[in-house]
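Asker: Below, each chain spelled out in residue letters.
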Amino acid sequence: MIKITDLEKYYATEEVRTIALNKLSFNVKEGEFVAIMGPSGCGKSTLLNILGLLDDPDGGSFIFNDIEVSGFNERKRAELRKHNIGFVFQSFNLIDELTVFENVELPLIYTGVKAAERKERVEAVLEKMQIMHRRKHFPQQLSGGQQQRVAVARAVVNNPKLILADEPTGNLDSSNGNEVMALLTELNEAGTTIIMVTHSEHDAKYSHRIIRMLDGQKVTENILMEAP
Amino acid sequence: MIRNYFKIAWRNIRANKLFTVLNIAGLAIGICVCIILFSFVNTELSFDKMYSNSDDIYRVNMETSEEYNFETWATMPNAVGPALEQDIPQIKRMARLIKDDFGATASLKIGDKNFTENNLYLADSSVFKMFDFEFLQGNVETAFSKPKSVVLSQTTKKRLFGNQEAMGQLITVNNHDTLEVSGIYADLPKISVMDFNMVYNIMDSWMGTNVYWSNASYETFVQLEPNANIPEIENQASALIDKYVDKEDQYFTKFLLQPLTKIHLYSAEVREGYSTKLGSITTIKSLLFLSLLVLFIACINYMNLATANSRKRAKSIGMNKVLGASRRHMLSLFYVETGIMVFLSIVIGYAISFLILPLFRSITGNELGYQDLLAAPILIGLLIIWILVTLIAGSYPAISMSSISPLILVNKSKTKGAASELVRKGLVVFQFAASIVLIIAVTVILQQMSFIKNKNLGYDPSGIVAVSVSSAETGQQIQSLIKSLERQVAVESVSAVQSMPGANESGRAVLKLATDNTGMPIASCRTDGNIVQTLKLNVLAGTELPETITEGDSIIYTLINEKILNYLGYQTPDEAIGKIIHTELGPRALITGVVENFNFNSLKEDIGGYMYYKSRRAPEGIRTLLVRYNSQNLSQFMEQLQSTFNEALPNTAFDYQFLDRHVAQLYASEERTARTATIFSALAIFIACLGLFGLAAFTAEQRRKEIGVRKVLGATVTGITQLLSKDFLKLVLVAFVIAAPVAYWLMHKWLLDFAYRTEITWWVFVFAGLAALLIALLTVSFQAIKAAVANPVKSLRTE
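Same order as they appear, the protein sequences are chains A and B. Numbers 48 to 275, taken from the numbering used here, label the letters of the first sequence in order. Numbers 4 to 802, taken from the numbering used here, label the letters of the second sequence in order.
What the hints contain is simulated information worked out from the structure, not anything from laboratory work. Worth double-checking, as some hints may not be accurate.
Unchecked claim - Derived DSSO-like pairs: lysine-lysine, alpha-carbon spacing no greater than 27 Å straight-line: (1) A:K50 <-> B:K10; (2) B:K566 <-> B:K20; (3) B:K318 <-> A:K166; (4) A:K183 <-> B:K10; (5) A:K183 <-> B:K428; (6) A:K208 <-> A:K166; (7) A:K50 <-> A:K70; (8) B:K10 <-> A:K161; (9) B:K318 <-> A:K123; (10) A:K208 <-> B:K318; (11) A:K183 <-> B:K315; (12) A:K70 <-> A:K208; (13) A:K166 <-> B:K10.
The shape of chain A in the complex, shown without the other chains (with noise of 0.2 Å):
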């Protein structure tokens, strides 16, 4: 599903060059679980921003889906992104102004749903993460743990194939922590792609396989079991 050779990614201030991603590669297969660590500033995110094209790589190839994506337009980026991938990060970024049904909603009103049809896709999902009964409150009423929960039923309702998720129980307790983890591998086991950039040892342990990074390099990889 995802093929990535030599990619690299620099950020240039005035008088300092950083190197994030040095000629990086490697593939994800379809229904894989791939952790992502390494130490702060590694180019994880800046990798995952890539991945989940929010960003442009300045070199190296990037195949996903079979089409080669680097070198897209913003506008071209956003067309592939809405129907294809979902995000969950650390600190939620749930839209304050919106109850929890409207941020779920919001997805499948970019990709042209229909009303009726997108009522019903919601619920659907808020059903199956057990927060339908807070569909009418603001993000601000809910717990950490509700709200991530609502971020990945955000992330989910448009059946993406890759979800990337950067640090999502970062901001949670172990409980809450485990429950979005439990939430995930069940998407994965559902068939959906899953990318996550982790510190954490345990959540890294829900996952095939583990890439290390260390100065926008791979170091290591870890299979923890078998892909499906």
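With chain A held as given, fit chain B onto it using these hints.
Answerer: Just chain B, lined up with the frame of chain A:
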């Protein structure tokens, strides 16, 4: 999708209360100002468009010769109209009109009641057809079918006759003509320069029948055939001058056609017209400019506050984009939000405009009504305002915020803080520069007004009441009135004159040599003496005019001002005394005295030549008594004056005017400009402050963490307040540097309108600068102090 935009936009509007209130307040005030001014402009622009022949009616104006400084006059000899009608085929009909007694207030007598009337016209009967007169009683055909007939407007009929039958009643005008009411017509539209209250047939008077090419006192209107060729008619008309007037008598050289619909606004340069209902296109333009400026300042508030707010919203914009929103989606969202905000402001502004309309009327003295606010062009105007303001105010926030990258969520986006910061600062500078220009402008205008009020005019207009005696039946009556007035304790002196200064003098010429063809145009005014004492003129040489002239003395005694003295070339005033002066008055005119120049006209004009004369055989009559009084109890004095008047002139209406009020009237339009400008500046500054207040709040919010750190490190409250205020004050200084030269240039130009003007002094600028600084400081320091005294622990703990 659209519903969703509305939902999000509405919630955003409600979530940011301060932001919303500041924006709506600013925009609503701006829009309210615009609505009222648009209505005003709309009525001004609709003048005289309602007549069925509006497009084909023109007023004939004439351009004078060099001797009269190439002025354009609206009045001309009574021979012009008939000649035009006869000689130029494209002219369908013409109508001459003249105010009774050349514009002096007429005294009407009906039964034993006396009335005054300012708008009694003599006109050709063709005016009825030309201006769509709608007769309620009588008709166009019979109106002037009998000699000495007069028609009245409905309102005038009510005033003169109440509910009684008016048709067939007799009205005696100025104690010499008795007219019979032959028709009542519906009042002419308010938005018309045509202000006839009463019309009688010009052909009943020598003014219509005795046709001549000399005295220019008649306004002449023509109705052209449809699609007439204007330049051609003007040429044909001007050619008539050579045809009918001897070369040496041609003091006018050209006839020009002024469209009826342009008379109201475009007659600033046209002299001598009779209508009092004149506006000014310059006023309209400056009001429009000012109202748009106020609205633009309100738009700037919106841009500033919205972009300042963008940091708070960046996350949600980024998330929307992650979820698939395109830039277009976000643009639409912001425009919808702006649209809602502007809509609310329009509703509120529109409502306020109804509430403050009476205030506007009392300030500007105009007659705008509620129905004018409901006129179709205003409603269309509101729609246009809505769209325009949404696009302008929404543009910068929408463009800058919709371009926020989704990477903002992962802190990897390069923030465009510096650029938007600069734009924001630029906008604040613009707002304050505009405000400072307005402060300076208002100060200079007020200074000039007080300069005018306090300027020594060369005579003293206060304490003088001018009583009209133009309708006295006999000279005897006037003499007995003067005698009984002079006996009163409260009366200091009485001077019988042809005209009060600057009203109805006769235009004459003073020649250096009796054989000269051209001379200096002057104003001459007949008096029976006592004028120096009454007006408190300054005599430079010679004496007051003689008190009595013996029977058989044919000398014309004159009192001239320095202007004439200088023209005649005397070295000293004394030299001129006893010399002969050549005027059209006759060969035996002597200079009795020389007075210091005095401002008989408005201070906008330079002083011209002025001459008082006294003679046993004066061509002009006595029309006014100038009565200088000295009384603590004015109302008692006026009562006494009226009863004395009624005793002496029992058949004449008591009509008077205070001379100082007449002088003040000359500056009425400047007075209005001053008041309007003051209000606009106050509003502009207030709106700018609303914006600054909001901006300061956001800056303080943005720098909360920095302030926290500084306080932990030992910064004092004063230090922090200074830190936060300093940045804004710098902007005010920049604004001042931009505003000062602009204001200087503008006001210098404005002052050029006045022949007598105040200096623009440096302290005006210092005052305006300090005022702006102080206002900004007050606005900003509130927020700065609030931020400075906040507990740093709170701001540091939350990230």
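Asker: For this structure, which hints from the list above don't hold up?
Answerer: 1, 2, 5
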